[in-house]
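Engineer: Residue numbers (the numbering used here): 2 to 1155.
If you are wondering where the hints come from, they were derived from the structure by calculation, not from laboratory data.
It is possible that some hints are incorrect.
[Said to hold, decoys possible] Taking CB as the label site, the calculated pair distances span:
id	residue 1	residue 2	range
1	Ser999	Asn1068	28 to 38 Å
2	Asn831	Pro951	23 to 33 Å
3	Arg1059	Val1114	21 to 31 Å
4	Glu547	Arg630	17 to 27 Å
5	Gly597	Asn860	52 to 62 Å
6	Asp634	Lys719	18 to 28 Å
7	Glu1099	Lys560	33 to 43 Å
8	Asn831	Pro591	54 to 64 Å
9	Lys560	Asn1068	26 to 36 Å
[To be verified] Derived pair list, reagent style DSSO-like, types lysine-lysine, alpha-carbon separation capped at 27 Å:
id	residue 1	residue 2
10	Lys567	Lys1104
11	Lys1000	Lys567
12	Lys593	Lys719
13	Lys926	Lys950
14	Lys624	Lys567
15	Lys590	Lys560
16	Lys680	Lys934
17	Lys624	Lys590
18	Lys1104	Lys934
19	Lys567	Lys1063
20	Lys1000	Lys1106
21	Lys590	Lys652
22	Lys385	Lys652
23	Lys567	Lys652
24	Lys593	Lys567
25	Lys1104	Lys1063
What you are looking at is a predicted structure, and each value in this text was computed from that prediction instead of being measured.
Cβ atoms here follow ideal geometry from the backbone N, Cα and C, with glycine treated the same way.
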Amino acid sequence: SSSSSSSYNNNNNNNTTRQSPQSPQEVVEDTDERAALLLDKNNNRPTSSASSSSSTTTTTTRHGGWTFTSPYLQVSASNLVTLTYRPAWQAIPEYTTASARACCSCSSRCWKALCSTCGGGGGGSGSGSGATSTEYVDFYKHTWTVSDIVKVQRVENLTLPGMGDCRALRVQLRPLPLAHTIADDDVPAGLQAAWRRHVQHMQDERNHDDDAYATPFTPMDATTDSSSATQYHNQDNDEDDEYCPILWIALPCSQMDPPLLWRFQLPAPDDTTPIAVETITMLQGMVQSCSPMTSSSSSPQPPPPPPPPTHIFINGYQSWSFTGSLVRGHAQPQPALPSFLSRAFNFGGSPPPPATVTTTAGEHTTTPTNTPTTTSIPPPPPKKMMYQSDFFTCVTSDGTAPPLGPLLRGSGETKFPFQTLDERGGPAWIVGWLSQRHQFGVIEVDETLEHVHMHCSAHGQILLPPSLLLSSSSSKNNNDANTTPRRRRRRVITTDWAHAQLLSPHSYDEEPLVHFFHAVAGYNAARPLQNGNLLVGWCSWYHYYENISQQVLRDNFAKLAGLRTKVPMNVSVVDDGYMTAWGDWDSLKPNKFTDGGLQTVAADIAQNHMRPGLWLAPFAADKHSQLTRQHPDWVIHNDAGVAANSSNCGKFFYGLDATHPDIRQHVTTAIRRAVVDWKFRVLKIDFLYAACLHGNGKYDLSLSRAQAMHMALDTIRKAAGPDTFLIGCGCPVASAIGYVDGMRVSADTGPTWYPAFPLPWWDHGTLPCLRSMIRNSMARAPMGHRWWHNDPDCLLLGESTRLTIQEVASAASIVAMTCGMMLLSDDLTNVSVERMRVLCKIFPMAGATAVVLDLHSTNDGLPSLLRLWATDRYASVMETFRENHMQQIIPGDSVSNLEHMEATFFARQASFNLDDLSMGPNERKRSCLHVCKGLGTWTIVSISNWSDKPAVLHIPPPALLPPPPTVFDEDQADTFLEGENEEESGEFGFHAFAFWSSKYTWLPHHAAESDSHDDPALLSRRLGPHETEIYHIKPVTPNFPQYVGSDLHFSCGKEVHRFEVKSMERNGSSGTVVDIQLNPAFNRVGHVFLYLPVTQTEHVRVKVKNDVGHWSVVGNTPQVGSNGSPRLVGRVIRIMVVVHADESPHDGNIQVSF
2 SSSSSSSYNN NNNNNTTRQS PQSPQEVVED TDERAALLLD KNNNRPTSSA SSSSSTTTTT
62 TRHGGWTFTS PYLQVSASNL VTLTYRPAWQ AIPEYTTASA RACCSCSSRC WKALCSTCGG
122 GGGGSGSGSG ATSTEYVDFY KHTWTVSDIV KVQRVENLTL PGMGDCRALR VQLRPLPLAH
182 TIADDDVPAG LQAAWRRHVQ HMQDERNHDD DAYATPFTPM DATTDSSSAT QYHNQDNDED
242 DEYCPILWIA LPCSQMDPPL LWRFQLPAPD DTTPIAVETI TMLQGMVQSC SPMTSSSSSP
302 QPPPPPPPPT HIFINGYQSW SFTGSLVRGH AQPQPALPSF LSRAFNFGGS PPPPATVTTT
362 AGEHTTTPTN TPTTTSIPPP PPKKMMYQSD FFTCVTSDGT APPLGPLLRG SGETKFPFQT
422 LDERGGPAWI VGWLSQRHQF GVIEVDETLE HVHMHCSAHG QILLPPSLLL SSSSSKNNND
482 ANTTPRRRRR RVITTDWAHA QLLSPHSYDE EPLVHFFHAV AGYNAARPLQ NGNLLVGWCS
542 WYHYYENISQ QVLRDNFAKL AGLRTKVPMN VSVVDDGYMT AWGDWDSLKP NKFTDGGLQT
602 VAADIAQNHM RPGLWLAPFA ADKHSQLTRQ HPDWVIHNDA GVAANSSNCG KFFYGLDATH
662 PDIRQHVTTA IRRAVVDWKF RVLKIDFLYA ACLHGNGKYD LSLSRAQAMH MALDTIRKAA
722 GPDTFLIGCG CPVASAIGYV DGMRVSADTG PTWYPAFPLP WWDHGTLPCL RSMIRNSMAR
782 APMGHRWWHN DPDCLLLGES TRLTIQEVAS AASIVAMTCG MMLLSDDLTN VSVERMRVLC
842 KIFPMAGATA VVLDLHSTND GLPSLLRLWA TDRYASVMET FRENHMQQII PGDSVSNLEH
902 MEATFFARQA SFNLDDLSMG PNERKRSCLH VCKGLGTWTI VSISNWSDKP AVLHIPPPAL
962 LPPPPTVFDE DQADTFLEGE NEEESGEFGF HAFAFWSSKY TWLPHHAAES DSHDDPALLS
1022 RRLGPHETEI YHIKPVTPNF PQYVGSDLHF SCGKEVHRFE VKSMERNGSS GTVVDIQLNP
1082 AFNRVGHVFL YLPVTQTEHV RVKVKNDVGH WSVVGNTPQV GSNGSPRLVG RVIRIMVVVH
1142 ADESPHDGNI QVSF
């Protein structure tokens, strides 16, 4: 569309029962093609238009909403925004408590007008509240449509963190129509004293800054430098505009498949009326497929439409909540425990409650009703909402779609028969928010994966009008009625930026969510891996639980020091059990912690070259604690007036109200004591959801639960300081981004695969077990190194568990492949040699995070394929790093500390970097392992059988292919896969080495292009229940020796420090020597596998540690000739090695001559 300037007048302006200020002049100013998206100049009605600058378009629809379109998908909204609210005084605890008592026969939360037990009877009659049945009004719901648009303004160069420059529209809507029953002076007499007290708390400047849009934190909002932005800022402060809601709509200027962004700002409806906002619905609409467009005139028929959606990704509310992909039509897993034992674990955002008074576009007259029989109930949604996801969701198709042709990506894409990999799937759509700083957001999707609702849950957040927000010129004490007003203040309730992205097939590369995760990281200023080395350590919890003492811990630290040649630790965490009660963090158990207490414990850890770590739950308190006895008003209460349910983690506890300034001071004191007085450098902060339990019994009712959560995290981070490594646990996922360094991403692990009796084994939610730990660790692997360092919980090795050796190896594989924190919790002196070897095989950490290939296409919720790749192309970078950092090592701990530093260095190079946003989110740095020169380039794929029975699994051929170009070196990006010669292209087949079983297989070249599951060349493996195998796929170089792998380290490369091939003269004839130096820092026993380009092995000589080595032939490598018949070109030998790690000469050295 061409730029234009137009105006639109909406004269449907009926009077309201409570008169609002006169509406401003309803004019669209300086409209270009994006402003025209909302307007039709021919008939002055909102209609559709399109921008020709990208592959996506935004339009409005005749039914009152908008449509966002891509070549394959379109999302249509039925309206602009829907608000669910109620009178502010009906949200205070004194009213809801009285209402609940008057309806004591109901077992659930009762809204009187809807309660069948009490028949919608009296709200507070006889309860002393002064609220009677005639005064009770249930929820109001108002919907804004395009008919409610007052003014549209274009804003150029709107800059959003993480999104860059955007072009935006500022859409001014009609003020919220009001009814007489929600005014401030309509508060019943019996509630007026309580109401005034709550207003004073909501005026507390310790919770609100002095800006006109007071918030409990500094929001990461948009910045703009255009004149239109200045104009909008001035207009926001005009008296005529201050009651009009604002809808912002933005589109990034440059991005493949750019997302649509929008947010809503709600001011007080007039100068005197407070309201309690329950829910802001940002989207009620549908996502449908459409036939892809093509610009080719030679095509006789248009391409067929893309396949229907098949999977939906569910993100849980907090660390322990279920997260994973579900097949369309399959039920969403629910907690097996009853609600009173589990609800708080999973309750973030929620859909809006039913409303009994509704208004829609153009309706500015509302007649409130007091009984259900005279109310207008909105029609039910067109489809039953089957799925519910917190913060974001992703809907995908596991089928392929036709290529876009000249329109976007060109034609002729390779087709693969195995449609099990996300990167080969069809189109996808993602909806969510860039943050959850204002409200917890929840998304509902129906069983067809077409209807979608997005709700911002304010849960009774009270919006005060300007008349109740008069600042004081002389004092911050708002209780002083004699203070002189300084200036007029306003607050608005603002949503977080909503995000909708429509992805074309294959445009999302390996991970459909990669662009969204990158945008969220930038918007929330995430700084992953910037606070010390990757954590490898020990935690006291799973072996000792609460039975710890100073002596027990000291004994274990000595044991850990003795393991430094096997698995050197760099952190040790003292978990729960040191205090007398949660909340009394300075009250240590008598006779358990003496002789300096925890300060001495921290010193003992530091003396063993580890970072001291401490567990705290600062916003939780035991019922018997001194804290709750002395300050019962600090406890969050629910709407019925009793302590809010925290769910049961083995006991019930209280949640402490983060909106209370005194509680935040209590938390600050506890954190500073741990960091400054006791000298702990790592804090594991647990049960963080307790700071924002659902309930209106809290100090400041003008703050939402999400805002309370951010106040809690901000308090912790400021108290701990920037250099303390914070691990969040039991924490709302979105809230933690930008605050924590590490984040628990799974439920607690456990000593069994399923939850153990007496817990219900069929639970798929938050109960401790290895299966849930593995599921969430894979599902949230893409968050790692983008938002924080993922904490998958501890790896349990000991025979004291009921885990099989295969299950232990599977857990170790997932931790290693995803590069999560490697924390142990066994008594390591009692772990068998066999299980200790499992641990040794995943240390040191590799520093790279695998791509989960079937995260969005799995059939049972647990992905089975992960992929890394390794290369020696940048070995010089690794060698330079080692040379430059040798002087930074800890004396007496040189090599092991260097391994931690090296893994962290490369992980940082590939992680999200707020200071360098130029790195494209599709780059393969994040999943790349760096190895020494001579090892080549290869693919690492893990495959798992998560079923309870043995199964034969096939690795899809596309997963075996070498990685596509990376841009570590942009000059080499286009030719990276070509290799230095044709031998590196896979023309001669592939070495396939199975790490855990130490088995070698040769794969012909066509194995990567197989069309059939029955092809004998397909890489298959029979795996037992819950078993994992890690394969290394390396192109054969028939004329050159190759390192095939080892059973020493899962990467089959990080254990090697040097690999050199030299020519030699022996007995008058030429020969070849392969010189291998294994890492001499760690005690290891195992085997190395080497390919030699020989058919006869009688001249092969092997030396290990300069002595005759033990070796054997374990594989033959053929080459398929032009006539199709194979011939032998080389052998694979297995060499037994022992690395003593005793600094003896030639330790770890292998020489093979032939």
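Engineer: Look at each hint and say if it fits the structure.
Structural biologist: Checked hints:
no. : hint                            : verdict
1   : Ser999 <-> Asn1068: 28 to 38 Å  : holds (34 Å)
2   : Asn831 <-> Pro951: 23 to 33 Å   : holds (31 Å)
3   : Arg1059 <-> Val1114: 21 to 31 Å : holds (24 Å)
4   : Glu547 <-> Arg630: 17 to 27 Å   : holds (21 Å)
5   : Gly597 <-> Asn860: 52 to 62 Å   : holds (56 Å)
6   : Asp634 <-> Lys719: 18 to 28 Å   : holds (24 Å)
7   : Glu1099 <-> Lys560: 33 to 43 Å  : violated (49 Å)
8   : Asn831 <-> Pro591: 54 to 64 Å   : violated (29 Å)
9   : Lys560 <-> Asn1068: 26 to 36 Å  : violated (53 Å)
10  : Lys567 <-> Lys1104              : holds (24 Å)
11  : Lys1000 <-> Lys567              : holds (25 Å)
12  : Lys593 <-> Lys719               : violated (31 Å)
13  : Lys926 <-> Lys950               : violated (36 Å)
14  : Lys624 <-> Lys567               : violated (44 Å)
15  : Lys590 <-> Lys560               : holds (24 Å)
16  : Lys680 <-> Lys934               : violated (42 Å)
17  : Lys624 <-> Lys590               : holds (17 Å)
18  : Lys1104 <-> Lys934              : holds (21 Å)
19  : Lys567 <-> Lys1063              : violated (32 Å)
20  : Lys1000 <-> Lys1106             : holds (25 Å)
21  : Lys590 <-> Lys652               : holds (19 Å)
22  : Lys385 <-> Lys652               : violated (36 Å)
23  : Lys567 <-> Lys652               : violated (38 Å)
24  : Lys593 <-> Lys567               : violated (31 Å)
25  : Lys1104 <-> Lys1063             : holds (15 Å)
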